[in-house]
Structures are given as C-alpha cells and as structure tokens.
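Novice: Residues per chain, in single letters:
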Amino acid sequence: MVAEPARDGSVQELENKQEWWWVAEKKRSKRLDYLRKAVWKKGALGGNYAPGIKLDLECATLFTDMWNFWKYDPIMMRRAKAIAHVLDNKTIFITDHAQLVGYFGSLPHTIMWRVDGASMVNEEAYNEPGIMPEPEQESLEKVAKLNDYWAGQTAVDKVARILDPEDAVKFLSGAIGWGAPSSAYGYSGKDYEYLFAGKRGFEDIIEDIEAAIEKAEEKTVGVPGPEILDIYDRLQNWDAMILVLEAAMRHAKRYARLARTMAENFETDDKRKEELLRLARTCEQVPAKSPRNLQESFQYDHFVQMFARVEAHEGAWPARPDYYHGPYYDKDVNIDKTLTKEEALDLVGEFMIRAYEVGGFAPRWAREGLQGITGTWVWTLGGVNKDGTDACNDLTIAFLQAARLVRVSNPTFGFRWHPKVKDEVMRECFECIRHGLGYPSMRNDPLLVQNAMHWHGHPLEEARTWVHQACMSPCPTTKNGVQPMRMASATANCAKMVEYALHNGYDHVVGMQMGPQTGEASSFTDFEQLFQAWTTQMQWLTNLLVRTVNLGRYKDPEFFGRPFLSGISQRSVESGLDVVSPVGDRGNCWITAFTWVENIDSLAAVKKLVFDEKKYTMEQLITALKANWDGYEQMRLDFVNNAPKWGNDDDYVDDIMIRCLQATARHSHVMKCPSGNNWPILPENVSGNIHYASIVGALPNGRRCGDALYDGGISPGPGLDKKGPTAVLASCGKIDHIADGRAFLLNQRLSPTQLAGEKGYQLWKAYIRTWADLGLDHVQFNMVSDETLRAAQKDPEKYSEVIVRVAGYSAHFVDISRKTQDNIIQRTVQGI
Amino acid sequence: MSTCAECKSFFVREEEPGQGDCVRRVVDPRQAYYQSKPVREDSSSSGCESFQKK
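These protein sequence lines map, in sequence, to chains A and B. Last residue of the first sequence: 871 in our numbering, with the numbers rising by one and none dropped. Last residue of the second sequence: 55 in our numbering, with the numbers rising by one and none dropped.
Misleading hints may appear alongside valid ones.
If you only want the chain B side, here are some residues facing chain A, beta carbon under 10 Å, derived [to be verified]:
no., residue
1, Pro-18
2, Asp-22
3, Arg-26
4, Gln-32
5, Tyr-35
6, Lys-38
7, Asp-43
8, Gly-48
9, Phe-52
10, Gln-53
Because the hints were derived from the structure by calculation, they are not lab data. All C-beta atoms, glycine included, are put in the ideal place defined by N, C-alpha and C.
Bound-form chain B, shown alone (with noise of 0.2 Å):
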C-alpha cells in the first residue's frame, strides 16, 4: 500500500514530524493556483487521483 509520503505532491513539514502537505498546481476555468492540504506521511494514497509516485 503506498502513502502519502511516496508522493511526489508530499512535501513534510519539518517542524512536525510526520505531518505534511499535499502541495498541488490546479488550473480551474478562471485561473491558476497551488493549493495545500495537511496530510500524514503515513496516510494511506490508495484512491487518490492525484498520486504520482517520487
């Protein structure tokens, strides 16, 4: 099972171990943009659309 650390989205948070963000380009009909979300490295990826392995 892959996780959310094997992402090349994944970018850890070296204050807090074993916490990071999913750091993501979108362009949406209007404009363009990074988003982030805080996710745990160890969190399961399966069903993830966006997951592209390191």
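The shape of chain A in the complex, shown without the other chains (with noise of 0.2 Å):
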C-alpha cells in the first residue's frame, strides 16, 4: 500500500519514501518554483491539448499577411521578409521573476501554428476541438480564411505533388511510416561550433555575410562566364539571411525595451527592478554581440532556437549546454565570482523551464506516437572535448542538479559517458535516475564517435563534438557535419516486414498490396524462403521512405526555404546556398526503426515451431495470424512461451537479430542521401508502439493487431526478458553498435528499493561498467515502483508530477494514455 503524498513532510521523511516531486518543490528557490508552475503544458495528454491551451492565430496570421504581400520575391526572401514581419509585430511578453525571455507562440498559453506547413495539418488544426480562442466562431473564420489561402501552396503540398503517385499513397496510407518530407516539420542541427565556439554574434555574422557578398560581386562583373550565373541566387539569398538576422535583433530590442519600462514604470521591489535592468542589458548585447557572461549566453541560445521555430516547426532540440556555456559558468561563477552556485542554478533552471514551455500544434499521430511532449528536446550533457579529453564541467553538474528540482519533461539529458567520467558527475547522473527522472540516458561515447565516423565519415575532431540530434541519432556541430534536416519520415514501422514477408506484400489491416508479392507464405518449406521474403520487404519499405525523405530534401529550398537558420550557419554564410540545399554538408540521415524486434521474436518463433519442431504448418499459422488468432488460443500461447525471445542470451533468437541487422546495414549502404552518404537504422520507437497497436496485424510472437507493441528499440518484449538484466545486456552486446546500425535504444527498470543508498550507487555504476565492456551504445532507466505508478493511475491528481521514461524521451506519468502506462508497468523490473 502506498502511502499518500506528503508534501507537508520535511525533506528527509519525502527522501525517505522517495516521493522525490515533493522534495523538488521544497528544494528549489521561490523563483524556480513559480517559473515552473507558470507554465502552460503544451504536450497533448494522450493524444489531446490540455485545457486552456489555444492555437496561435497572430503569428500565423502576420506570417500569410506578409508573405502574400511579397507573393513576387524569391522563396527565400520571401521568406524572411514574411518572418521579420513576425518578429516585428507579434506580442512578447515577460513572466513575473523570469530572467530569461523569449516565446515563439504570442501569449504563454498559445501553440504556434506552422501555417505554411501542410493543408492537411491545417485541416486537423480547424477540426481540433477546444483549441481555438475565444471568440471561437470567429477564429474558426479566421482559420477557414487562413486555410484556403493555403491550401494546395504549403509545403508538403508542393513535395506531395511531385511524389510517384504509390509511394505517396503508401506513404500516406500511415502503415509504414510517419513525417512530412519538409524541412517545415522536422528539425535542425544548429551550427554552435560557428556561433558559439567562435564567439559571434549576429553583427558578426553579417559582416560575413556582407565579405562574402563583395567577394561574389566582383565575379559578377567580371568575365562573362555559365560560373557567375548562379551568383545571382546566392546574393538574394544573402540578402534574405541578412534581412532576417536584422530582424531578429530588432525583435531581442523589444524585450529589451520592455524590461526597461517594466523596470522605470511599473517594478517597486529595487531587487527586481535591477533584474529588469540587467534582463535589457542582456537583450541589447545578444544576439546581436556575443555573449560576455551565463545569463547572455543563455539567453543567446534560447533566442536561436527560437527565431528557428518562428522559421519551422522543429520536433527536436539538439543542443549541448554544459560544453558551450560552461566556460561562462566558469568565469561567472569560479573566476569572477559574480554569481553564486545558487544564482547560477536557478538561471540553469529557468534555462530548462524556457524549453519545457515551447510546443506547436502538431498533427494526431504524432502526439499520439509523443505523448506528453512537444517533440524531442534530448540536450547532450558530458562527452569529450575535441581532443579526447573529458569535457564534463561544473555547467554538467549544474544541469543535473536543476533537472532534480525543475523535474520537467522536456528537456531531458543524455550523457555521453566515457571511462574518464569522474565520480562526482557519475553520482550525479545516477541521482537523477534514483529521482525517477527517466534519464539522462547513458551513452557510450567512444563508441558513438567511431559510429559516427563509420557510418558517415566525420572527422574524429567533429564527431567528437556530437550532439543528439534527436532522441538518440549523434550528429555533429560542425560547418559541414551539423544536419539541416531531418524530417521524421524515414522512421519505419518495422513490424510491417515481417507481417508483409507473411502475406505476400498485402496489408490485411489498411486493405492494400504495400509492398512487393514475395510469395505465398504458406508455400514456403524453410526458413530460409521466410528470411528471403523478410529481406526483400525490408528493402522495399526503406527503399520507399528513404526516396520520399531525398526527394524531399532535393527540393526544400524551392518549396520552403530556411533563411534564418541559414544564417546561423558557416556552410551557407560562405556558400550563399540555403543550408538545407545537400551541397557541402556531409550528410548525417538515419532511419528511425520504430517495432524492430517484433519482427526477431516473430521470424525466431516460425524457424523454431514451424520448420525446426515441425509442431504447427505455415498454412495453419497464416490462417490463424489472418484470424487474428482468435480461435486459436492455445496455439497462440505455444508461440508466446515456447519460442525464445530477444533478450534471454539465447544463440537461436539471438542469432536471427544480427541476420536481421547486417542485412539491413548492408542495404544501408546501398541507399544513399543527397549528399551520397549513408543510411542506416536506428532502431527506438518513441511511443510509436502504442500509436500502431492497432495498424500492425497479428505476428508469429503471439501478439494480437491491437495489443501494444515492444517497447523499443533492442529492448525485449515487456516480461519476455525472464534471465535477468545480464542476459539482456549479453545479448544486446552480440550487436556490433558500430557497424549493424547508428544507434540502439534499451529500455531497463530498475527496483528503487533495490537501489536505495550508497550501496544502490555503487550496484548501477557497475551494471554500467558491463554495460560498456559489453559495447552497447544506450540505456536508459525507469526507477520507479509499480505501486507508485498504480497509485498515479487512480489518483494522477497527487501524482501530476511522476516522471517515466517512455523511449527517446520522458514524459509526466498522468499525461501519457492508460495504454501505454500499463505498457510501462508492464515491464521486466530487473534486479542487478
């Protein structure tokens, strides 16, 4: 029985019964904890906006006002100039003791709209219901006229246009894949090694831009020739980077403004008041200068990302606080002394707060598949400095103390761990494990530098600068390494090769030939002609989502156009191209392998109950997978407990994941990105499982079409995994994590009891020295206990702040949908 919540209890009494939400809202400043109760949650509940939370018409509407205005300009100008209108001319505001400033949406409680994203996103957005503001009848006019205006010119419009009519259809079909092949919806790598280690400011950066454009000039006055004619574009878009980044300082000069007349008008408190006064001397300095101390750094960073957001709608933060700003720490807090560890620790706080508040509206299917979230802002924390040595700081240590008190959703951290990790920073990842935080994720640093160097050839010098550049993908911060794109729709329901390999290529569940007629699987005498099938389908489908993703990629800057993120970039700074354009960038592209083991545990269980044991024929198991195996039970249950599964350090099975994966990574080198470089899986799920229960049909691993899929990744079936965590780590270590794919997620739970005290500390860092002797590249844990999931399942009220790790990201317990909590309680906690 669990006791109820005690937030009246002192610190010690919530320690001891680990209610570690109380003991947050006790630790942290007065400031800390009203900036983290302000805020607005824009991730859906399940798969639907919170109360109270509207859709963003101002800035949609100012956006289509200007850039129908300048219907004749350039994309790229266009562009920009539709933007600077925006930043212009849409409300800021500032929040009671915040320090840090900056909101994409107008008001606190508003999700952006990406107006010019997609008709069908569109749509979803006038047909969602309780998100429009008041007077709603007219926002829904509002958003009728702003709809019909773009109807048919958005940008997954223009993509959908040219697409081979069946790729589209099958793409679209929702079967086998999700995203939007525009940089619209995706996301971007951001260039810190060019703005950040190179100490430039916005002013900086147009003087660049302004060398590069006399340097262009003079070709193109100079001796006619087919090389100067594309110069031309280059200067427009040069003109339109410039235009923007203007834009974008004027912009930081209004919360400058602001916080002046708050300060000179309004603010009695001289505490305040000089907050005020400091918050616009830090929007006067950045970002149009660089950075002279933490709060401007911060603060420089945070208006990035978000002038980015104002640009598209980014489902992804990829960034690594602790390696740029720690240096500002240092000075402030060690060298100069103007601020206090505890200073310091409240504008780290707010840092994370001023992400946890930022989300757009997002189409159904993906906040079913990222519930209670806005998209995946996984920071990178730790790692190496260029030169291998240990780049953990005091800002590392900072981060994961704040994350304790702050305890949002997002961001989360993953570490990149490496054998020169000190102690100190060790404990300090494992406290916030032992505080059910969910992360940070543990990642094995040098490994995923040699696999960034595999799989696209980095330098060792950049792919040591790595970030993740979503949930799990390392990608460096480099002029030709850093990613401009990467639309999410080369993320692959996996379970469909094996449910296609077992039908002939035919969808029973959407009702159409998907993929290739590989053969009647009831036909089939061996396994040998299964795998083949299973091959054929795998190639097909990534084939297919891989030539979406390209096209897509090929034509951005024609149909959409990204001139502030290109001006934070060094490649298009010098180039003049939009960054998203292939040309110079080394390419970086994986496909996110969403349901990957199904297919292991089901190819695993045919081999050995069908051609092995001879127990059951394939016209039986055809028939009763077509069935749903309803009326087959018991046959079911032999195919649940009676073939092995992933994860029990089992040859048989194991044996058919890496056949599985070196297939794959064979293929992967096959299909190639517009840059020429590789693409490998990358098998995690998000909460893509529970999104497609009812998309993928029954499989040979007993599963019904509607029953939760695998939690992700490597990770076993939930309860599958019955030898205990070594087994599961002895057989995720049979992987090679640098050449069968880019990464592989592993969820593991952890008992809490088990792990309490010091001896607790020292039981999970030597599950993590096993970890990394064994290769693996990931592990993340849950740590907390089933009844306190339970009590939050009856009572989320008193539990609205438990924390769980789903997949490549954490989420509030009481916002994720029954299904997929049960799916978490579900699974194998594991003693080590």
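If you follow the hints, you should be able to join the two separate chains into one complex; please do so.
Specialist: Below, the structure written as structure tokens:
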C-alpha cells in the first residue's frame, strides 16, 4: 500500500518515501517554483491538448499577410520578410520573476501553428476541439480563411504533387512510417561551433555575409561565363539572411525595451528592478553581439532556438549546453564570482523551463507518438573535447542538479559516458535516475564517436562534438557535419516487414497491396525462404521512405526555404546557399526503426515451431494470423511461451537479430542520401508502439492486432526477458553497435528499493561498467515502483509530477495514455 | 476620437517617432506577465477594451 503523498513532511521524510517530486518543490528556490508552476504544458495528454491551450492565430496571420504581400519575391527573401514581419509585430511577454525571455508564440498559453507546412495539418487544426481562442466562431472563420489561402500552397502540398503517386499513397496510408518530407516539419542541428565556439553575434555574421557578397559581386562584374550565373541566386539568399538576422536583433531589442519599461514604470521592488535592467542589457547584447556571461549565453542560445522555430516547426532540440555555456559558468561562478552557485542554478533551471514551455500544434499521429511532450528535446551532456579529454565541467553538474529541482519532462538529457568521467559526475547522473526522471540516458561515447566516423565519415575531431540530433542519433555541430534538415519521414514501422513477408506484401489492416509480392508464405518450405521474403520487404519499405525523404530534401530550398537557419550556419554564410541544400553537407541520415524487435521474435518463433519442430504448418500459422489468433488461443500461447525470445542470451533468437541487422546494414550502404552518404537504421520507438498497436496485424510472436507493441529499440518484449539484466546485456552485446546500425535504444526498469543508498549507486555503477564493456551504445532507466505508478493511475492529481521514461524521451506519467502507462508497468523490473 | 498615445499603456519609442509599445499587465490562471505589442501613437483606441486615459 502506497502512503498518501506527504508534501507537508520534512525533506528527509519525503526523501525516505522517495517522493522526489515533493522534495523538488521544497528544495527549489521561490523563483524556480513560481516559474515551473507558471508553465502552460503544451504536450498533449494522451493525444489531446490540455484545457486552456489555444492555437496561436496572431503569428500565423502576420506571417500570411506578409507572405502574400511579397508574392513576387524569391522564396528565401519572401520567407525572410514574412518572418521579419512576425518578429517585429507579434506580442511578446515577460513573466514575473523571469531572467530569460523568448517564446515563439504570442502568449504563454498559445501553441504555434506552422500554417505554411501542410494543408492536411491545417485541416486538423480547424477541426481540433477546444483549441480555438475566444470568441471561437471568429477564430474558426480566421482559420478557415487562412486554410483557404494555403490550400495547395504549403511545403508538403508541393512535395506531394511530385512524389511518385504509388509512393505517395503508400506513404500517406500511415501504415509503414510517419513524418513529412519537408523542413517545415522536422528538426535542424545548429552550427554551435560557428556561433558559440566562434564567438559570433549576429552583427559578426552579417559582416561575414557582407564580405562574401563583396567577393561574389566582384565575379558578377567580371568576365561573363556560366560559372557566375548561380551567384545571382546566392546574392539574393545572402540578402534574405541579412534581412532576417536584422529582424531577429530588433526582436531582442523589443524585449530589452519591455524590460526597461517594466523596471522604470511598474516595478517597485528594487531587487527585481535591477534584474529587469540586467535583462534589458542582456537583450541589448545578444544576439547582436556575442555573450559576455552565463545569462547572456543562455539567452543567446534560447533566442536562436526560438527564431528557428518561428521559421519552421522543429520537433527536436539538438544542443550541448554544458559544453558551449560551460566557460561562462566557470567565468561567472569560479573566476569573477559575479554569480553564486545558487544563483547560477536558478538560471540553469530557468533555461530548462524556457524550453519546457515551447510547443507547436502537431497533428494527431505526432501527438500520439510523442504523448506528453511537444518534441524530443534531448540535450547532450558530458562527452569529450575535440582532443579527447574529458569535457565534463561544473555546468554539467549544475544541469544534473537543476533537473532534479525543476523536474521537467522536456528537455531531457543524454549523457556521453566515457571511462574518464569523474565519480562526482556519475553520482549526479545516478541521482537523476534515482529520482525517477528517466534521464539522463547513458550513451557510450567512445563507441558512438567511432560509429559517427564509420557511417558518415565524420573526421575524429568533428565526431567528438556530437549531440543528440533527436532522441538518439549523434550528429556533429560543425560546418560540414551539422544536419540542417532531418524530417521524421524516414521513420519505419518495421513490424510491417515481417507482416508483409507472411502475407505476400498485402496489408490486411489497411486493405491494400503494399509491399512486393514475395510469395505465399503458406507454401514456404524452409526458413530461408521466409528470411528472403523478409529481406525483400525490408528493402522495399526502407527504399520507399528514403526516396520520399531524399526528394523532400532536394526540393526543400525551392518549396520552403530557411533564411534564418542559413544565416546562422557557416556553410551557408560562406556559400550563399540555403542550408538545406545538400551541397557541402556531409550527410548524417538515419532511418528510425520503430517496432523492430517484433521481427526478430516473430521470425524465431516461425523457425522454431514451424520449420524446426514442425509443430505447426505455415498454412496453419497464416490462417491463425489472418484470424488475429481468434479461435487459436492455445496455439498463440505456444508461440508466446515456447518460442525463444530476444533478451535472454539465447543464441537461437539472438543470431536472427544479428542476421536481420546485418542484412539491413548492407542495404544501408546501398541507399544514399542527397549528399551521397549512407542510411543506417536506428531502432527506437518513442511511443510509436502504442500508436501502431491497431495498425500492425497479428504476428507470430503471439501478438494480436491492437496489443501494444514492444517498447522499442532493442528492448526485449515486456515480461519476455526472463533471465535477468545480465542476459539482456549479453544479448544486446552480440550486436556490433558500430557497424550494425546508427544506435540501439535499450529501456531497462530498475527497483528503487534495491538501488537505495550508497550500495544502490555502487550496484548501478557496476552495471554501467558491464554495459560499457559489452559494447552497448545506449541504456536508459525507469526507477519508479509499480506501487507508485498504480497509485498515480488511481489518483492522477496527487501524482501529477511523477515522470517516466517512455522511450527516447520522458513524460509525466499522468500525461500518457492508459495503454502506454500499462505498457510501462508491464516492463520487467530488473534486479541487479 | 482618442488615440493610443493618450493611453496609460502607451510607451513611446524614442528612437522611432510615431511608434510605441502597448504594455499591459496580464494575470492568467498560471502566471502573471507584462505583454507588449507595437502600436502607432495616432492609432485609434476606439473599441479597445483596455484603454485607460493617461
């Protein structure tokens, strides 16, 4: 029986009860407490927006007005002018107690609407209940008018028109993958080496651009020839970059002006007045000039992220805050002593809160796939410097401490573990996990640096700058390594590979021929025939998704345009090309492989029970699957209980995993991105295992259509890993985490009781050592008891701050659907 | 007809003649904040529910 939450108890009592959410509330400063509770949570609850969240019509209207006005401009300039109009005219606000500012919507409770992204999303916005600002009828009319204007003109509409019709229909069926082949909906890496390591403010960048223009113009007045013709386009792109960077600086100065107005006209508290004046000075400094202290450094970074989000719907937030802001922390706290550690912790906590409040309107499939959050803000901590030395610093520790105080589900952290990480940092990581945050995920840095070099040819020094591009995939933050566009449409629902292999490419759920006809499986006489069919389906499915993404990427500069992102990227500043253009981009593509392990357990079950033991015929199996196992329960249980399952250190099934991965890896070297680089897979799930539950048909692992799929990556099926954590690690260790794929997500649940106290830390540390020795690249932990989670299901209001790791992200437990909650509870609690 | 310039919420931009900011305090169910929106000093304030004569 779980005791009632005792928020009135002492910190010690609350810690003893492991009620970490109340501990946080008691320990954090009044400022952080206010700011944390002030956030309007934008992550959808299950799939629906919380009461009070409203669609932002102001920005969509401002953008459309100016877009329409400049209809004869080239696309980069047209977008730059529309963005500038938004930045100059949107409503801005400064929350009480805030020391950092900037939100891409107009008001704290609004969700940004990417009106130029996709007509089908716009239609969803119109029909989404509860999100229209009052008066509702007036808002609906505005939205309808905007939708009419954009119908057929959005970035995705334009791509869809030129896709192969068959590809388009299959892609849009929703069965084999998700996403949108446009940078309107995707995410971008930021060239942090250029901005932060290079200490460049926007005024410096404009100087760089003007120098490039001058050089280019010399050519346009020189000897005529074909080589100068594309310079004219580049000159217009450069002008667009300058225009939008200038607008961004004006926007920051609006905040400075507001802060001064508040200080001089409204604020009566001297301390707050001084804070507001400091905030004004901060916004006068950045982004125009490079930062001078920690507050300015955070503010600069946050502005950059907000401006990028005014330009496009960014579903991830690649960042490495301890590395790029660490020198300012060191200067302010340790050298100049202008900030105390406590004051710095307030800034760090607020920096996380500013990111937590960010949210844009997303279509339902995305909300169901990312329940509880608005995107995967996985910030990277730790790792190494370019010379291979330990990069952890005091700010690494401050971030890990602040996370336990603010307990946000977004951003989360991925920690780049390496053998030189100091014990004090490891303890901070463990404390976050022990406090039930589900983060940081632990990443094997030496191995992932090698992986980045193996798959995409990033040079060693650049590979060492890597950040999580979304949940999992490493990507450098350098001129040629940074990834300007990674739409999520190369996200594969991999369980369809085995499903189609068993049904001759036919999809019985959506009722159409999807994959190639690889033969009636009922006539297969040995496992090799089935495996060949699987390989063909795997190649077909990944080819289709990659074709779509490649085309979207190639056409994006023509159909969308990213003047701001280009303006902060060295490659574009020097070349004058839209940063999304593949020219000069090394390429860092990957296919997110949802629902991967179902393939392995299903193939192993067929091999064992049909071909080896001959307990059933293929015909019987196909009949049972077509019936969704209905009427075949004994047979289904046989396939669940008496077929080997991944995660038990059983070579029978583990060999099939390796075989499938190696077949896919071979194909990953065949498929090429627009830069000519490879397309490795990356098994993980977010909450796609719930989204796809009713889309994937019955499978030979005993799963019925409608049952939740496995929770993802290379995690064993919930409850199917029966031989303990070492066996799970041993199975996962058989994978070559460099050559077999880009990264491999592993969820593990640990017991908070077993891992209490110093002994718990030592056990966990030994586990991490084994994990690293076995060569795994990723592991993340849930450490919240079943009792607490069940109590939270019964009484969600009392447990509203309980956080769990879903897949590549964390969410507040009460914000995810009941099915996802149950799926997390069902995961095996490993005793280590 | 009253104009924005006559309102308590209007703050002129010294560097941009004719331009100003409408700065108002808002208390919503979760937080209190000051918001700012650009306005011209000669804009009509008729119909503005927040208008307060200086």
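Novice: Does each hint hold? Answer for all of them.
Specialist: These are the hints, each one checked on the structure:
Because the beta carbon of Pro-18/B sits about 15 Å from the nearest beta carbon in chain A, more than 10 Å, this interface hint is broken. Interface restraint check for Asp-22/B: the shortest CB-CB distance to chain A comes to about 6 Å, inside 10 Å, so the restraint holds. Of the supplied interface hints, the one on Arg-26/B holds, with its beta-carbon coming within about 7 Å of a beta-carbon of chain A, less than 10 Å. Satisfaction of the interface hint for Gln-32/B is found here, the shortest Cβ-Cβ separation to chain A being roughly 3 Å, below the 10 Å cut-off.
Checking Tyr-35/B against chain A by beta carbon gives a least distance of about 5 Å; that is within 10 Å, so the hint holds. Proximity of Lys-38/B to chain A holds as hinted, the smallest CB-CB distance being about 5 Å (cut-off 10 Å). A cut of 10 Å between beta carbons decides the hint on Asp-43/B: the least distance to chain A is about 17 Å, and the hint is violated. Against a cut-off of 10 Å between C-beta atoms, the interface hint on Gly-48/B is violated, since the closest Cβ of chain A lies about 14 Å away.
With a least beta-carbon distance of about 17 Å to chain A, the hint placing Phe-52/B at the interface is violated under the 10 Å criterion. Against a cut-off of 10 Å between C-beta atoms, the interface hint on Gln-53/B is violated, since the closest Cβ of chain A lies about 13 Å away.
The structure is inconsistent with the numbered hints 1, 7, 8, 9, 10, although it conforms to all the rest.
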